[in-house]
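Student: One letter stands for each residue in the lines below.
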Amino acid sequence: MSNENSNLYHDQIVLHLVQFAVVWALLAMTVGVYISAELVWPTIDFGQFWLSFGRLRPLHTNGIIFGFGVSALMATGFYSVQRTSHVPLFMPRLAWFVCYAWQLIILLGGLSLLAGWTTSKEYAELEWPFDIAIAIVWVCFGVVFFGTIANRKIRPIYISNWFYGALIIVIAMLHIVNSLAIPVTIGKSYSLYAGAQDAIVQWWYGHNAVGFLLTGGFLGMMYYFLPKHAGRPIWSYRLSVVAFWAFTYSYIWAGPHHLHYSAVPEWVLSLAMVMSVILLAPSWATMINGIMTVSSASEKLKTDPALKFIVLSLAFYGLATFEGPMMAFPSVNVVSHFTDWTIGHVHSGALGWNAMITYGTFYYMVPRLVGGELYSVRLANIHFWMALAGTMLYVMAMWGAGVSQGLLWLSVDEIGELSFSFKDIMSSMAPFYGLRLIAGLIFLGGTMLMAYNLYKTIAGKSAVKVQVPAVDPAFGVSS
Amino acid sequence: MSTNIYSYLLFKSLYQPLEAFKRLSQAEPSPIGVMLRYSIWLLILPPVFSLIGAANFGWRLGAAEPLRLPMEALLLVSSGYFLVLVFGLFSTALISRWMAATYGASTALGRHVALVTIVGEPLAVGSLAHLFPDVFINILIIIPTMIWSMYLLYKGIPIVLGITSEKGVLMASSLVGWLLVAAVSLLGLSMMLWTLGVGPLLGV
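Protein sequences appear in the order of chains A and B.
Residue numbering for the first sequence follows the UniProt record's numbering, beginning at 1 and increasing consecutively.
Residue numbering for the second sequence follows the UniProt record's numbering, beginning at 1 and increasing consecutively.
You may find that some hints are simply not true.
Stretches of chain A that chain B covers, calculated by requiring three or more beta carbons in the stretch to come under 8 Å of a beta carbon on chain B [claimed, not checked]:
1) 78-87
2) 216-222
3) 327-333
4) 395-403
5) 430-440
So the derived list for chain A, only partly shown, Cβ under 8 Å to chain B, looks like this [said to hold, decoys possible]:
6) GLU125
7) MET292
8) VAL294
9) SER295
10) LYS308
11) LEU319
12) PHE322
13) ALA389
Distance ranges between label pairs, derived from CB positions [what the hints assert, rightly or not]:
14) LYS153/A with ILE141/B: 57 to 67 Å
15) TYR261/A with ILE44/B: 33 to 43 Å
16) LEU196/B with GLY231/A: 48 to 58 Å
17) LEU180/A with ALA73/B: 45 to 55 Å
18) SER165/B with TYR190/A: 55 to 65 Å
19) LEU189/B with TRP245/A: 26 to 36 Å
20) LEU94/B with ASP424/A: 23 to 33 Å
21) LYS153/A with SER165/B: 34 to 44 Å
22) SER79/B with VAL412/A: 23 to 33 Å
These are computed hints drawn from the structure, not numbers from a lab.
For every residue, glycine included, the Cβ atom is placed at its ideal position computed from N, Cα and C.
All chains, full assembly: derive it from the sequences and hints.
Tutor: Right, here's the structure in full:
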């Protein structure tokens, strides 16, 4: 029915995906807060397997990355690819299928994690039936996205679409290769790889999932929504294209830096370290491009909370993309690895960059989707300060805990024996974990405010019908 | 005019920061003057407190017995700390001036040095926590002082540089980015020095 009128954008799908993303954010962040409380009071799993840290932790990470993150990327990808191509979505029924099938995978996949089904591969814990379903839905996502680009009425393919495109292609490649396995039962399989190869493939996947999903995908979001919102073209389009290719080329090599001081060959680790350091250049080029775009923006920014989120997200993006290469140095990694410093690093990216840019984008996009005003600018401003405070507190607590752990674990006595037991070090971390719990509660509280704010903005409305505008002949596709 | 602002710096800037920001917006003090009469006295506090604390009590990293280091190692660490703080202040002031140029705000360097110092003053005073060298206690005290400092950063930039508060938020957020990177570099650099054996031996 929705493809009867070929001159309207398909925005109802976008609105649904935004709502799913917010629901997953609330659920997965609540799980995160709960497991951070378990680290302070270990008995609150009440002896239930499904409440144990081991099962809830992958639920938290998968819920955030694939539930919240991917739903938000699908929503913003569908929204921006239509507008940058000047055509409605290709195969809208397939797009609806992608939207709902993805949510079903997250829901059932989450339940399977609670039931204890796991491949034990980090960020790829879901078992083989889900892996196959993910591959199918992901390819459909690619068909809708690239089909829309193929149908485009504008000759150039805008930079945001390059990033979304890289997200779709690379994640498909990573997911399929890393998930190759021999099924034994419906809920158990064995990886095709063994030993050090398994580790290399897993971290080639794991690091590039961070790279092309949490970095590249969200950069696509940034490249469309930041200039749109600031009312300015991107500061340097050329820089954005150079950064894209440099980013794509160097990221794919960096995975083995997760495996320093392991059985992986030294040259693989050195190569990963060098590529991680090179990666700093395109990452920062992108950050500077974003900040310069905003700084040249006009006075129209008034009373707008969305742009604040986007600019602050760039600050945390700068932190995370600097900290990452630094932690890839073996001499830093020897302290930071296996400590909470890593958890702090991930969250400066996940809370500071991914969540904040998504919040900023939702505050911008949702009122426009339903053709109204944001329900409360004041609540959004409060949310901004809660998000900033929560993230800072989280990062500070984990820096303190991580450095303490790293130094204590490395210390040996006169005869070369470890000075402290693992148990003693962990129990001395409770105060840091308490702080982290508070940080998580503050951040979750902010997200709840946003959920309420967006709910009131959307309530009783559906997406407004937007006509595809006429194409400037200078940029049109000559048929 | 500039004597007017100096009467505010060091003491009144701590408990009347907003008034200090207002005065600063009308003054153009020389950067060297601000540095010598104001900033340097605050920058010296954290290294001195940490020297006294570590020499008398030793650092506690949680489970461990207090970590005691020989005096020369402590002096080395404290001098390094001081130099890093001076570098941090100046680089932040320079970056703030550079950003101010793109935001069409005031680019008088002395003003930026004073602004960064007023913003950092609570942290310098909060470094009293170093007298009790326990990592967790220090973090616990630094967090509220840091929140206060960040409040001053977001509040101070539009007042001192004469830009709208919306632009001020954007510029302050960009500066937060730089400060976070500076903080984590310091952390990484110290770890690197430690593990490479350049820094003092901690038995690690």
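Student: Count the residues of the region 430-440 of chain A whose Cβ falls closer than 8 Å to any Cβ of chain B, and tell me whether that reaches three.
Tutor: holds (count 3)
Student: Honestly, do SER79/B and VAL412/A meet the 23 to 33 Å range at C-beta?
Tutor: Holds, since SER79/B and VAL412/A (Cβ atoms, about 28 Å apart) stay within the stated range.
Student: In this structure, is the beta-carbon distance linking SER165/B and TYR190/A contained in 55 to 65 Å?
Tutor: Holds - the Cβ-Cβ distance for SER165/B and TYR190/A, about 59 Å, lies within 55 to 65 Å.
Student: How does the coverage statement for the region 395-403 of chain A fare against chain B, requiring three or more residues with Cβ below 8 Å from a Cβ of that chain?
Tutor: holds (count 6)
Student: For the hint on VAL294/A, just tell me whether its beta-carbon gets within less than 8 Å of chain B.
Tutor: holds (6 Å)
Student: Verify the CB-CB distance for LYS153/A and SER165/B against the hinted window 34 to 44 Å.
Tutor: holds (41 Å)
Student: Under 8 Å, Cβ to Cβ, is where MET292/A needs to be relative to chain B, so tell me if that hint holds or is violated.
Tutor: For MET292/A, the interface hint holds, since the closest Cβ of chain B sits about 7 Å away, which is under 8 Å.
Student: Holds or violated: 26 to 36 Å for the Cβ distance of LEU189/B and TRP245/A?
Tutor: holds (31 Å)
Student: At a threshold of 8 Å, is the proposed contact between LEU319/A and chain B supported by beta-carbon distances?
Tutor: At 4 Å from the nearest chain B Cβ, LEU319/A passes the 8 Å test, so the hint holds.
Student: Quick check: the region 216-222 of chain A, covered by chain B? Criterion 3+ residues, Cβ under 8 Å.
Tutor: Three-residue rule not met by the region 216-222 of chain A, so violated; n is 0.
Student: Does 23 to 33 Å hold as the CB distance between LEU94/B and ASP424/A, or does it fail?
Tutor: violated (45 Å)
Student: Given a hint of 48 to 58 Å, does the C-beta separation of LEU196/B and GLY231/A actually sit inside it?
Tutor: Given a distance of about 49 Å, which is inside 48 to 58 Å, the answer is holds.
The structure shown violates the earlier hints numbered 1, 2, 6 and 20.
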